[in-house]
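Visitor: Sequence:
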Amino acid sequence: MSFVDRLAERIGPGDRPGRRSFLGRAAMVGSAMAVAPVDFMTRPVDAQDVVLASNAVCRSYGCGGGQLCCDGYTEFCCSLTGSNRCPPGSVTGGWWKVDSSTYCSAGGDIRPRYYLDCHKTCGGCACAGGTCSGDCNGTPCGCGRRPDGSSLGCGYRKAGCTRFRYGQCNQHIGCVGPIVCRVVTCLTPWQLDPNCTRATLTDNNTRWHDAPCLHAGFSDTIDNAYYADAVQWAVNVGITTGVEGRDLFFPDRPVNRAEIVTFMWRMLDQPPAQPHYLTDNPGGTYYHKAVQWAAGEGITTGYAGTDEFRPQLNCTRGEAVTFFKRMMRNPTPSTAPEFSDVDPNAFYADAVKWAAHHGVTTGVGGTGQFQPHGLLTRAEAVTFLWRIAGNQALWHQRPPSSKVRF
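In this text, residue positions in the sequence shown follow the UniProt record's numbering: the first is 1, and each later residue adds one.
Hints in this document: simulated from the structure, not taken from any laboratory. Quick reminder that beta carbons are idealized off the backbone N, C-alpha and C, glycines included. Hints may contain errors.
[To be verified] No more than 16 Å apart at the CA atoms, straight line, and that leaves these computed lysine to aspartate or glutamate pairs for EDC-like:
| id | residue 1 | residue 2 |
| --- | --- | --- |
| 1 | Lys97 | Glu244 |
| 2 | Lys289 | Asp269 |
| 3 | Lys403 | Asp229 |
| 4 | Lys403 | Asp269 |
| 5 | Lys97 | Asp229 |
[Stated by the list, open to error] What follows is a list of derived Cβ distance ranges for each label pair:
| id | residue 1 | residue 2 | range |
| --- | --- | --- | --- |
| 6 | Gln392 | Cys127 | 52 to 62 Å |
| 7 | Gly108 | Gln171 | 54 to 64 Å |
| 8 | Gly374 | Glu244 | 24 to 34 Å |
| 9 | Arg405 | Gln171 | 15 to 25 Å |
| 10 | Ala393 | Pro88 | 37 to 47 Å |
| 11 | Tyr303 | Leu201 | 20 to 30 Å |
| 12 | His215 | Asp341 | 18 to 28 Å |
| 13 | Arg329 | Thr200 | 34 to 44 Å |
| 14 | Gly129 | Tyr286 | 34 to 44 Å |
| 15 | Ser60 | Gly374 | 49 to 59 Å |
| 16 | Leu201 | Thr335 | 21 to 31 Å |
| 17 | Arg329 | Asn205 | 53 to 63 Å |
| 18 | Asp71 | Ile173 | 23 to 33 Å |
Make a model of the complete structure from these sequences and hints.
Guide: As structure tokens, then:
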């Protein structure tokens, strides 16, 4: 028996239905699955309610002909507010995921895409069944209904209409209002909101539920993360365009040696490259000129005394600050914060002292350590460069590039 058949049995009143009644219910379930698949799959309501509620909003605005208000889904927050996050006065109520999303997979990493619903808070409104009325909490239902009450019309999905909560997030809040908009991310929900649990709902039928505004920035970075300003700066000035031309940054992925010197080269406005002796820097790669430049400037002298650069090898934190200090041509400061895990005789010791003295690094998580042998993440890489670009004192030996922030 198919999933639709089982649902058709479940929503029927009384004992096992007759064949005509069963077929009618199955057709309605099929319509509900087409209009609002996740809503219907995860809540015990009559299929007819799902279809009729969506149709009623669509008709009340005079919409039709395949316009978005009639597709049954709730609108994305970025379409209504310009930001892919829950708006003020709302909370995350729950989430579902799509496995192996093409939107979230790149570079061999296959990842899910997550959809999170933002609910208006209830304030002092009466609560029935865990939700309060939008009429009470100031959330009118409409096509493209924005948090300020204005409507964008038939070209936008409904908002403020659905009183349903998946329930994995903010369970300490007993009552929430209608869904005002929806957030989409390649990060796990509990990374965005620690009040979300890991109880999973999956609906791969919604894999194409999308909007253009979701691709205006990176869908796998967090707006209030320590690296947020640095990543935005790196995008704005052309240091990074994401991974494989996608709207993905992979902030927690280790940066390799090719990527880090390319970031540096771009930050300095792509200076001319010099012929060099490195044997593993083929022409035609995105990093070829950057590695040529780094070798010509003495930023790299090869890997471990060889005539190779090892471009695909992940870069350590000790290597990175060594590259940065050489790039900026700065002397080693006489005093600087000390880290308990930095050997004063190591090749990176002076560079770590330089980076700490100038605020390029403050160590790792208040531990008093620098972790020089730890792999540098892409988020850390652009954060270090962002700090260098914002410190005028570091640019006395090198003419400031167009990317500086002072």
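Visitor: Against this structure, judge whether each hint is valid.
Guide: Each hint tested on the structure:
For the given pair, Lys97 sits about 23 Å from Glu244 by alpha-carbon distance, which is inconsistent with the 16 Å threshold. At most 16 Å may separate the alpha-carbon atoms for a hinted pair to count; Lys289 and Asp269 meet this at roughly 12 Å. Between Lys403 and Asp229 the CA atoms are separated by roughly 14 Å; this keeps the pair inside 16 Å, and the hint holds. Simply put, Lys403 and Asp269 have alpha-carbon atoms about 8 Å apart, close enough for the 16 Å limit, and the pair holds.
Only pairs whose Cα atoms come within 16 Å are accepted, and Lys97 paired with Asp229 is rejected, the gap being roughly 28 Å. A C-beta distance of roughly 56 Å is found between Gln392 and Cys127, which places it inside the suggested range of 52 to 62 Å. A beta carbon spacing of about 36 Å between Gly108 and Gln171 contradicts the range 54 to 64 Å that was offered as a hint. Against the hinted window of 24 to 34 Å, the Cβ-Cβ separation of Gly374 and Glu244 comes to about 25 Å, which satisfies the hint.
Checked against the hint of 15 to 25 Å, the pair Arg405 and Gln171 fails, with Cβ atoms roughly 42 Å apart. The hinted window of 37 to 47 Å between Ala393 and Pro88 holds, with their beta carbons roughly 38 Å apart. Distance hint for Tyr303 and Leu201: a CB-CB separation of about 47 Å, inconsistent with the stated range 20 to 30 Å. Against the hinted window of 18 to 28 Å, the Cβ-Cβ separation of His215 and Asp341 comes to about 41 Å, which falls outside the hint.
Against the hinted window of 34 to 44 Å, the Cβ-Cβ separation of Arg329 and Thr200 comes to about 52 Å, which falls outside the hint. The hinted range of 34 to 44 Å is not satisfied by Gly129 and Tyr286, whose Cβ atoms lie roughly 55 Å apart. Separation of Ser60 from Gly374 is about 57 Å and conforms to the stated range, judged on CB atoms against 49 to 59 Å. For the hinted restraint 21 to 31 Å between Leu201 and Thr335, the CB-CB distance of approximately 55 Å leaves it violated.
Between Arg329 and Asn205, the C-beta spacing of about 57 Å keeps the proposed range 53 to 63 Å intact. A hinted range of 23 to 33 Å holds for the C-beta pair Asp71 and Ile173, which are about 29 Å apart.
The earlier numbered hints that this structure contradicts are 1, 5, 7, 9, 11, 12, 13, 14 and 16.
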